[in-house]
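Chains as they are written, first to last, in UniProt numbering: chain E, 1 to 450; chain U, 1 to 450.
If you're looking for bench data, these hints aren't it; they were derived computationally from the structure.
Source: prediction; values computed, not measured.
Check the hints yourself; a few may be wrong.
To be verified - Simulated crosslink set (BS3-like; lysine-lysine; CA at most 30 Å straight-line):
1) E/Lys16 / U/Lys227
2) U/Lys33 / U/Lys245
3) E/Lys33 / E/Lys331
4) U/Lys165 / U/Lys252
5) E/Lys331 / E/Lys245
6) U/Lys16 / E/Lys16
7) E/Lys165 / E/Lys252
8) E/Lys16 / E/Lys221
9) U/Lys16 / E/Lys227
Residue-level listing of the chains:
Protein chains: 2
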Amino acid sequence: MADTIPLGRTDRFLLKLESADTPAHTASLSTFKLPAGAHPGFIRDLVQELSEQAVTAPPFNYVLAQKGDTAWTVLPPEDIDLDYHVRHSALPWPGGERELGSLISRLHARPLDFNRPLWELNVIEGLENGRFATYLKMHHALADGAAVIGILTDSLSTNSDEPPKAPWARSFATTLREERESIQPPEQPAAQSLLQALGKVATSVRTRPASGFVGPFVAPKSVFNTKITGARRYATQQIELQRLKAIGAREKVSVNDAFLAILSSALRRYLQEIDELPDRPLVAAVPAATLRETQDGLGNSVTVIYASLATNLEDPVERMHVISESMRQGKQFISELNQQQIAILNGLVLLPAAFLNTIGGGTPSRPIVNVTISNVQGPRHTLWFGQAECEALYPCSMIVQAQALNITARGYRDHINLGIVGARDSLPSIQRLAVYTLEALEEIEQRLGL
Amino acid sequence: MADTIPLGRTDRFLLKLESADTPAHTASLSTFKLPAGAHPGFIRDLVQELSEQAVTAPPFNYVLAQKGDTAWTVLPPEDIDLDYHVRHSALPWPGGERELGSLISRLHARPLDFNRPLWELNVIEGLENGRFATYLKMHHALADGAAVIGILTDSLSTNSDEPPKAPWARSFATTLREERESIQPPEQPAAQSLLQALGKVATSVRTRPASGFVGPFVAPKSVFNTKITGARRYATQQIELQRLKAIGAREKVSVNDAFLAILSSALRRYLQEIDELPDRPLVAAVPAATLRETQDGLGNSVTVIYASLATNLEDPVERMHVISESMRQGKQFISELNQQQIAILNGLVLLPAAFLNTIGGGTPSRPIVNVTISNVQGPRHTLWFGQAECEALYPCSMIVQAQALNITARGYRDHINLGIVGARDSLPSIQRLAVYTLEALEEIEQRLGL
């Protein structure tokens with residue numbers, strides 16, 4: 001009899017989110033340098049080499065009997081059509097950021113095939129300056145965005161002497177569930193207790209001092225909180241960590257506060273240009289790992305902090321300080337909540353999507369949050385894929401109904417790598433956000449004389 | 001108020017066939033020679049040039065409000081996101097038939113976005129020997145396979161001096177509906193009269209002499225008549241028309257008979273190799289235009305001829321004569337039917353798909369037909385896409401539940417171009433069919449001393 005693995009509540013919910021308009025997968029885009037003197041068939045040989053490594057590592061061998069299933073079946077390697085999952089692609093000339101973004105947008109829009117294990121790896125040749133890329137896509141019910149990058153980095157090596165190793169053939173180090181389980185969707189059967197707990201959170205929010213603190217439900221209406229369709233736009237950007245550190249040190253704010261400040265500038269300019277900047281400040285959901293007491297003692301826990309992006313203010317330095325204070329108060333607020341309240345606060349991010357995808361109805365008149373902005377640390381040392389040096393690791397997150405934009409960043413070596421995912425029909429030219437982010441960094445450096 | 005166009009019965013039926021496992025679009029793949037001295041940005045400029053030609057020609061500007069809609073809305077050009085529909089793709093090195101087939105398989109498996117007009121054009125660079133390709137995909141409810149090729153050839157020019165013209169910007173010459181309307185699905189509301197008419201056809205079939213004549217419902221069970229999933233395999237082949245003519249002239253059979261004979265050899269060998277050759281001969285549905293009396297006088301009409309492929313016989317020449325006789329009797333049989341009976345005979349090809357997709361249930365225990373093989377004449381003169389010479393036009397047809405294989409051929413200049421579409425999970429390595437077709441041609445030439 002085949003091995004089966006029951007689906008958790010979050011996984012079942014993520015399968016319910018799956019639709020043609022909201023395919024519920026996340027991905028990781030990585031770029032690599034071709035080794036010196038690589039022959040034209042280098043990528044073809046690499047794809048071949050990967051296709052010969054049998055699928056032995058979970059969850060690459062998990063399959064659903066049907067979409068509504070409540071358990072994964074574990075497939076033996078010979079039942080997995082690896083030539084289907086491992087795909088060789090190419091960029092048209094000149095193979096720049098524009099061509100790469102365009103291909104990733106299309107790949108990210110395409111739903112996974114539910115007749116098979118829910119993942120695909122594209123190996124993409126033709127990047128300018130002697131480079132190639134990989135795009136690893138997995139269903140969110142198998143692994144969250146952080147886990148996809150974790151799986152990928154685990155399969156890379158810290159030295160260039162090892163042969164390239166397929167993520168599905170490796171020994172299993174990454175925890176797939178830890179972060180995801182902490183961001184749980186609202187539990188539908190227990191609507192009563194959900195409402196009670198929501199009430200507690202709402203009361204806590206109302207009784208906070210007004211100075212800079214924001215909670216859920218105070219976000220203004222925005223172009224980001226609309227119904228979305230299936231097509232995507234994708235853009236990337238790299239930011240030198242040292243430049244954010246210099247700003248933080250000068251102004252006594254964290255690197256993440258500086259990061260949020262330049263994104264705030266970019267979002268503000270983008271919204272101004274399409275004449276959609278709300279009067280009230282945008283609110284971002286910022287997932288953050290915090291040290292806190294758990295049942296088992298002290299542990300790492302992921303919470304969502306609701307932060308004002310202060311987009312009502314013009315001055316970027318003033319804005320950064322308001323953001324920083326808002327983050328501080330958000331952390332303070334969370335430290336006073338019990339585990340149940342935190343779980344509910346975290347789950348609120350998915351509430352509109354839950355209603356729109358599984359219950360139906362229009363977009364909520366009151367956004368719970370405007371945009372999700374996530375920034376996770378990553379490996380500081382150089383990683384290798386065989387003899388190919390990894391240049392960058394970009395996240396490529398899921399967006400859901402009523403949340404048309406997701407900005408996720410991941411550290412690698414001395415850079416922060418941004419992956420910006422937007423709904424094509426709601427958000428024109430989101431590539432501009434990537435450009436404006438760097439311009440905002442320069443602007444704030446100039447203001448501070450750095 | 002927006003213009004609307006009601007959907008015909010066939011179009012509504014084709015929308016019902018749409019599912020993740022059976023996306024109901026057809027396509028045309030064309031290959032072109034790059035003009036001498038084309039610079040590396042030639043394709044990029046071509047895509048740009050096409051993207052600047054507004055969508056004015058129906059049905060490129062038709063959209064459904066929702067999938068179950070019964071009318072198209074006609075969109076003004078400014079409401080169509082042409083950068084979405086026109087896509088620039090590339091083949092990995094070395095850009096051979098294998099890489100092209102692999103990309104087309106993936107493109108053909110991907111459903112169209114029902115939020116937009118149901119078509120996409122991919123312009124594909126990187127074919128070996130200084131060539132590029134286009135892949136035009138349209139939903140079957142907008143245009144059938146023959147119409148897609150017709151639309152494409154209409155947009156090409158007979159001389160190389162004209163600038164490249166987008167199919168959606170041209171004056172409208174091709175009839176989109178003529179052929180399709182003649183192959184109508186069984187009408188569901190009038191089940192009673194359908195059954196009566198079916199009875200008539202069945203009686204006609206039973207009362208025919210047994211010598212070579214086959215009708216529907218006599219096909220053996222085969223690996224082609226299974227449930228299919230969404231992934232596809234695609235292969236192409238070119239056959240010199242002159243070689244088929246020589247065989248036909250020598251043996252007093254038609255070019256199409258010779259064509260069916262070599263496909264029969266290829267199918268026979270393929271099935272033998274996977275140990276799936278039925279004892280009884282395979283039956284092919286062969287759409288054919290015939291001259292016949294219509295209500296308005298004599299006219300062109302498309303019918304489906306049911307032909308034995310004589311795959312029970314080993315000798316290719318003997319097999320060709322049985323096929324030829326079966327085709328002759330099939331034509332004779334159809335000439336004796338009235339219009340209603342012909343419509344029903346034609347519609348039978350879609351009956352299992354209709355039941356499986358719209359009514360549900362398993363695959364029929366008795367296949368109505370094993371495989372569809374279509375061969376349509378095409379332009380004899382050279383066509384140009386701007387300064388790029390068109391080398392070949394391949395069809396890329398739809399497959400449906402219980403019909404996992406479709407072989408469609410189109411004439412262009414002095415060649416017949418085959419497009420073979422199969423369900424990936426049902427049919428391994430269908431590229432072999434393309435190879436075996438040419439080997440079968442050589443075999444029969446040797447037998448005849450040609």
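Comparing the hints with the structure gives:
1. As the CA atoms of lysine 16 of chain E and lysine 227 of chain U are separated by approximately 25 Å, the hinted pair is consistent with the 30 Å bound.
2. Restraint check for lysine 33 of chain U and lysine 245 of chain U: satisfied, since their Cα atoms lie roughly 27 Å apart, inside the 30 Å limit.
3. With a CA separation close to 40 Å, the supplied pair lysine 33 of chain E and lysine 331 of chain E exceeds the 30 Å bound.
4. The suggested pairing of lysine 165 of chain U with lysine 252 of chain U is violated, with an alpha-carbon distance near 43 Å, which exceeds 30 Å.
5. Between lysine 331 of chain E and lysine 245 of chain E, the direct Cα distance comes to roughly 21 Å. Compliance with the 30 Å bound is thereby established for this hinted pair.
6. In summary, the hint linking lysine 16 of chain U to lysine 16 of chain E is supported, as the alpha carbons are separated by about 23 Å, within the 30 Å threshold.
7. Between lysine 165 of chain E and lysine 252 of chain E the CA atoms are separated by roughly 43 Å; this puts the pair beyond 30 Å, and the hint is violated.
8. With a CA separation close to 26 Å, the supplied pair lysine 16 of chain E and lysine 221 of chain E stays within the 30 Å bound.
9. For the proposed pair lysine 16 of chain U and lysine 227 of chain E, the alpha carbon gap of about 25 Å is at most 30 Å, so the pair holds.
Hint compliance for this structure: hints 3, 4 and 7 are not met, and every other hint is.
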